[in-house]
Amino acid sequence: MLVLSRGPEQTICIGDDVEVTVLDVRGDCVRIGIRAPQSVAVHRKEVFLAIREENQRAARTEGEILEGALRMLRAGEVKR
Amino acid sequence: MRIETTRFGTIDVPEERVISFPRGLIGFPHTTRYVLLDHPGGGPFRWLQSADAPAVAFAVTDPRLFFEDYRVPVSREDLQAIGLEDAAEAAVVVILVVPKDPESITANLLGPVVINARDRIAAQIVLESGTYTTRHRIFERGAAAPC
Numbered sequence: 001m002l003v004l005s006r007g008p009e010q011t012i013c014i015g016d017d018v019e020v021t022v023l024d025v026r027g028d029c030v031r032i033g034i035r036a037p038q039s040v041a042v043h044r045k046e047v048f049l050a051i052r053e054e055n056q057r058a059a060r061t062e063g064e065i066l067e068g069a070l071r072m073l074r075a076g077e078v079k080r
Numbered sequence: 001m002r003i004e005t006t007r008f009g010t011i012d013v014p015e016e017r018v019i020s021f022p023r024g025l026i027g028f029p030h031t032t033r034y035v036l037l038d039h040p041g042g043g044p045f046r047w048l049q050s051a052d053a054p055a056v057a058f059a060v061t062d063p064r065l066f067f068e069d070y071r072v073p074v075s076r077e078d079l080q081a082i083g084l085e086d087a088a089e090a091a092v093v094v095i096l097v098v099p100k101d102p103e104s105i106t107a108n109l110l111g112p113v114v115i116n117a118r119d120r121i122a123a124q125i126v127l128e129s130g131t132y133t134t135r136h137r138i139f140e141r142g143a144a145a146p147c
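Keeping their order, the protein sequence lines are chains A and B. First residue of the first sequence: 1, per our numbering; consecutive thereafter. First residue of the second sequence: 1, per our numbering; consecutive thereafter.
Since the hints were derived computationally from the structure, they do not count as laboratory data. Be a bit skeptical, because a hint or two may be false.
As the list claims (entries may be wrong) - With a straight-line cut-off of 20 Å between C-alpha atoms, the simulated SDA-like cross-links for lysine to any residue are:
#1 LYS45(A) with GLY27(B)
#2 LYS100(B) with GLU77(A)
#3 LYS100(B) with ARG71(A)
#4 LYS45(A) with ARG135(B)
#5 LYS79(A) with PHE139(B)
As the list claims (entries may be wrong) - Covered stretches of chain B, as calculated for chain A (at least 3 residues, CB under 8 Å):
#6 9-20
#7 39-45
#8 83-95
Cβ coordinates follow ideal geometry from the N, Cα and C atoms, glycine included.
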């Protein structure tokens, strides 16, 4: 991992079109500003990982099980 | 357009129903074209089927059917990414995880899919509010009027 020291209001450029700026340092929290093209998604890593995991689970959904849920809903065995 | 799917066989969908996800879904960055299909058995469920990867399909639903108070505050950047100016114009669906026990179906309210239905551009966004998680159960156990 490349490690660079930067202070408040100092910026790192990544490639031609991504900029990461340290805005503020307070205690153990750093506020960071990111300028990136719309094609680049920027997420907090733990949130990104949680949603990626959930999408991967969701992509395995089988039609028959959804059909089972629909039957239960129609039979009133579950409610919204 | 002819689309091969694992779950529904080969289907024919008009070109203008293809929805473009320029960034893909989170964890699926290279799958960028989807179609929204009604669930063959009807009901509140639909499928977001990839037009590129036959096996990739997500069961989705309109969150307002299950979570009355659910709000999706779409940021200006996220709106711009799908070519909209007004959040009220965005259609929203949420992705479901459907385990073996259908009663335990959960909806991902933290990462909803917002759709510009006019231009057929969509994105999965991440809500900043601390209110929602990736797993909200959609059903309560118990008798209710059949729908």
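field: Violations among the numbered hints
entry: Numbers 6 and 8 - these are the hints that the structure violates, sorted from lowest upward.
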